[in-house]
Amino acid sequence: MSTNKEDPLLELRGVSLSFGGLRVIDDLDVAVGKHEIVSLIGPNGAGKTTVFNLITGIYKPAAGDILFEGQSLVGLPAHRIADRGVARTFQTLRLFLNMTVKENVLAAQYGRTNATLLEQMLQLPRARREEKQMQERAAEQLAFFGERLMGYRWNQPAYSLSYANRRRLEIARAMATGARLLLLDEPAAGMNPVETQEITELIGKLRDDGGYTILLIEHDMHVIEGISDRVVALDHGVKIAEGSFEEVATDPRVVEAYLGTAEATTK
Amino acid sequence: MNRIPQIFLLIAFATGVALIPVLTSNEYILRVSADTMLYVLLATGLNVAVGWAGLLDLGYVAFYGFAAYLYAELASPHYGIHWPLWATLSIVMGSTLLLGYLFALPSRRLRGDYLAIVTLFFGQIFVTFTTQGYRWDWLGLGSIHDVTGGPTGLTQVDPWRIFGHELTQVRDYLWAALAGFVVISIALTFANRSRTGRAWRALRDDPLAAEVMSMPVNWMMLLAVAVGAGVAGYAGAINGAYYQGVFPTSFAFPTLITVYAMVILGGAGSLPGVVVGAVLVNVTLEVLRNPDHSRWVFYVLLLAGLAAKIRPWRALAAVLGGVVAFGLVVHAIVGAVWPRGTAGPISSGIFGFTTHGWLAVALRHWLVLPKNTYEVANYQIGNVAFITLIALLLTLTVVKGVWRFVLLVPTIWTAAFVWETRLIEESPTTRPLLLGVILIVLMTVRPQGLLGTPRVEIT
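Chains as they are written, first to last, in the working numbering: chain A, 64 to 330; chain B, 280 to 738.
Treat each hint with caution, since some may be false.
[To be verified] Non-contacting residues of chain A with respect to chain B, defined by C-beta distances greater than 12 Å in every case (computed):
{"hint": "1", "residue": "89"}
{"hint": "2", "residue": "193"}
{"hint": "3", "residue": "233"}
{"hint": "4", "residue": "254"}
{"hint": "5", "residue": "257"}
{"hint": "6", "residue": "259"}
{"hint": "7", "residue": "268"}
{"hint": "8", "residue": "308"}
{"hint": "9", "residue": "314"}
{"hint": "10", "residue": "319"}
{"hint": "11", "residue": "324"}
[Said to hold, decoys possible] If we take Cβ atoms under 10 Å as the criterion, some of the chain A residues that face chain B in the derived model are:
{"hint": "12", "residue": "85"}
{"hint": "13", "residue": "121"}
{"hint": "14", "residue": "157"}
{"hint": "15", "residue": "158"}
{"hint": "16", "residue": "171"}
{"hint": "17", "residue": "176"}
{"hint": "18", "residue": "186"}
{"hint": "19", "residue": "188"}
{"hint": "20", "residue": "197"}
{"hint": "21", "residue": "216"}
{"hint": "22", "residue": "219"}
{"hint": "23", "residue": "220"}
{"hint": "24", "residue": "221"}
{"hint": "25", "residue": "222"}
{"hint": "26", "residue": "240"}
Keep in mind that the hints were calculated from the coordinates and are not lab data. Even glycine gets a Cβ: it sits at the ideal position worked out from N, Cα and C.
Hey, can you work out the whole structure from these sequences and the hints?
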């Protein structure tokens with residue numbers, strides 16, 4: 064994987080962000096190589112989701128640069144960043160609840176299509192051709208999840224899905240944007256052990272079969288251990304460790320961030 | 280209803296409306312039909328912003344007014360311009376679309392209540408502008424121009440002229456509105472089923488997620504408002520020609536509320552729904568013009584409200600029995616003490632008095648209707664009763680237990696008394712009042728509207 068790190072798909076260079084006087088992200092450097100699975104860990108409030116919000120353009124960094132395929136994403140509106148090939152899921156699940164499963168996946172293909180409103184109203188060739196492509200791609204993307212999102216579920220509203228299926232649909236929707244980099248925010252949160260195992264395999268499959276590069280936030284160490292090529296640990300917006308799962312998990316600073324210092328516990 | 284392909288619904292609706300002038304030559308029915316078709320167009324346009332994109336646009340009726348005024352300026356002796364219809368119509372619809380875009384531009388980042396406040400402000404500006412625009416002093420140079428005709432509006436507006444044929448009949452405008460509706464609804468349905476429609480719905484559900492999922496939400500919002508405005512533009516161009524004049528009051532707040540009521544009642548987001556809503560609301564408003572009809576609506580609503588609210592049914596029976604008995608006793612006492620007090624007739628508003636019908640007979644024996652109630656000098660009776668009714672209603676909200684039921688009896692009787700002695704004469708007040716009650720009832724029973732789909736906000 065070291066060759067990939069030399070020529071990263073995504074690179075954060077000295078990124079900083081403050082809310083008022085509070086430094087949320089401090090001089091952060093992270094690089095994600097092509098076809099890599101990198102996990103972002105850290106205690107609650109460490110700034111993991113904030114990193115996602117910075118990459119996807121919801122927040123603008125106060126300093127530093129974010130490069131995707133060598134080009135800066137800073138200052139672009141969020142939908143343009145999606146067009147470039149970066150898509151995410153949300154920790155709190157933000158599906159289009161009143162749209163059907165299939166529509167969720169269709170809607171996310173907006174940035175990949177070009178037919179104007181007039182062409183759609185008159186059903187001109189380009190609009191019809193693109194619509195057909197969108198439908199095919201949606202079927203393809205949903206098929207990635209096996210039986211879980213297939214058949215009768217396509218035309219059900221997203222709110223009728225189970226929690227685990229909503230997480231799957233969020234991933235399908237992110238894939239539908241045509242992204243090459245997927246940012247998955249706690250994809251296994253709230254899942255039972257069987258579902259967690261399944262989603263872990265799925266993330267591996269996304270990389271191996273789908274060709275995606277994945278940056279992952281996760282609290283479940285089994286998931287991280289199973290699939291991460293590299294792990295980056297954050298605490299208070301500062302990178303405190305980086306390396307393989309074993310290296311990071313045994314790093315004294317990571318242990319301290321999660322459990323506190325020996326002195327602090329004995330006091 | 281949602282199972283039937285929309286094209287069949289459209290064909291059925293269009294055929295039905297197109298045949299109205301063939302089946303009847305009754306001017307009143309034709310006028311109501313044409314008015315209703317204008318409202319159908321307006322509701323269809325509003326549905327784009329409100330139903331599909333979920334934007335609370337309270338300035339919508341200004342687009343309608345702008346288009347009507349623009350048509351009147353371009354096709355009347357006011358400026359002496361009389362261009363061919365295709366030119367005028369293109370300018371009117373194009374300008375209205377553009378106005379929608381410009382109007383949404385400063386508010387494109389606003390959502391929900393904030394958007395509502397700003398758009399309401401724009402809507403009010405339009406009314407002020409048209410009312411005051413007859414003494415426009417460009418750049419304060421002292422030369423005063425009459426742009427909008429002021430409170431009396433612009434008159435002598437040209438009728439539409441198609442292939443040398445002047446549209447002077449009501450039925451012509453009914454057909455013109457219908458033809459426009461058919462084209463617009465097909466185009467909008469295609470748009471709604473394409474990428475733009477899905478992006479609108481995504482924006483309605485979660486603007487942030489939509490933006491992150493590659494949809495430019497600010498642009499989607501501008502587009503929704505502009506497209507809705509374009510539809511209102513067509514309705515406005517008909518309005519000017521059909522009424523042969525434009526007046527500021529036609530585009531004020533009450534019109535906005537009416538169109539919103541149509542969209543909400545029919546089911547925001549459903550095109551067949553808002554059409555049904557527009558037809559139902561406008562026909563209901565027409566029916567309520569006749570006090571004999573609104574009387575029925577009033578008592579049925581009163582009974583339905585009681586039946587829905589009072590449990591168990593024994594309590595309901597007791598209250599209803601109490602109301603009947605209370606009325607008969609009061610009638611007997613007043614009749615014995617002051618015979619003139621029960622000698623009044625049952626009003627039928629501008630139509631005079633009702634003497635026939637069992638309801639009228641029953642009311643005369645149950646209520647106390649003093650002679651000459653309906654003369655202006657005797658209006659105080661109704662006014663005093665009205666204040667009493669409010670006092671009773673307020674008391675009802677604080678008393679508890681069995682006293683509530685006891686107090687309910689005179690309250691209902693007083694409500695009927697106020698209705699018969701005062702409100703029935705005031706159809707401009709009672710029409711929106713009753714429509715409001717119907718809306719509240721319907722929204723309680725079916726919050727998504729008649730043909731709407733129930734929406735989930737958070738789960």
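Evaluated hints:
The beta carbon of residue 89/A is kept farther than 12 Å from every beta carbon of chain B, the shortest such distance being approximately 24 Å. Once the 12 Å rule is applied to beta carbons, residue 193/A is inconsistent with being away from chain B; the minimum gap is 7 Å. Its closest Cβ contact with chain B, about 9 Å, brings residue 233/A to no more than 12 Å, contrary to its assignment away from the interface. For residue 254/A, the non-interface assignment is confirmed: its Cβ lies about 17 Å from the closest Cβ of chain B, beyond the 12 Å cut-off.
No beta-carbon of chain B is positioned within 12 Å of the beta-carbon of residue 257/A; the least distance is around 23 Å. No beta-carbon of chain B comes within 12 Å of the beta-carbon of residue 259/A; the shortest separation is about 22 Å. Every CB of chain B lies more than 12 Å from the CB of residue 268/A, the least distance being 22 Å, so the non-interface label holds. For residue 308/A, the requirement that its beta carbon stay farther than 12 Å from each beta carbon of chain B is met, with the minimum near 29 Å.
With 12 Å as the threshold on Cβ separation, the claim that residue 314/A sits away from chain B holds: the shortest Cβ distance comes to roughly 32 Å. With a closest Cβ-Cβ approach of about 34 Å to chain B, residue 319/A is found to remain outside the 12 Å limit, as its non-interface label requires. With 12 Å as the threshold on Cβ separation, the claim that residue 324/A sits away from chain B holds: the shortest Cβ distance comes to roughly 38 Å. The interface hint given for residue 85/A is violated, since its Cβ lies 22 Å from the closest Cβ of chain B, which is over the 10 Å cut-off.
Taking 10 Å as the C-beta cut-off, the interface hint given for residue 121/A holds, the closest approach to chain B being about 7 Å. The criterion of a C-beta within 10 Å of any C-beta in chain B is met by residue 157/A, whose closest approach is roughly 4 Å, and the hint holds. Below 10 Å, beta-carbon pairs count as interface contacts, and residue 158/A has one with chain B at about 7 Å; its hint therefore holds. This hint holds: residue 171/A has a C-beta 4 Å from the nearest C-beta of chain B, less than the 10 Å allowed.
Annotation: residue 176/A was flagged as interfacial toward chain B, and the flag holds, the nearest CB pair being 5 Å apart, inside 10 Å. A distance limit of 10 Å between C-beta atoms decides the matter here; for residue 186/A the minimum to chain B is near 5 Å, and the interface restraint holds. Using the Cβ-Cβ criterion of 10 Å, the hint placing residue 188/A at the interface with chain B is not satisfied: the shortest such distance is roughly 13 Å. Checking residue 197/A against chain B: minimum C-beta separation of about 7 Å stays under 10 Å; hint holds.
With a cut of 10 Å, the hint placing residue 216/A at the interface with chain B is violated, because the nearest CB-to-CB distance is about 16 Å. Interface hint at residue 219/A: violated, since its Cβ lies 12 Å from the closest Cβ of chain B, which is beyond the 10 Å cut-off. Annotation: interface hint on residue 220/A holds; nearest CB of chain B at approximately 7 Å, less than 10 Å. The beta carbon of residue 221/A comes within 9 Å of a beta carbon in chain B, closer than 10 Å, and the hint placing it at the interface holds.
Restraint check, residue 222/A versus chain B: the minimum CB separation of about 4 Å is within 10 Å; hint holds. At about 5 Å, the closest approach between the beta carbon of residue 240/A and any beta carbon in chain B falls short of 10 Å, and the interface hint on this residue holds.
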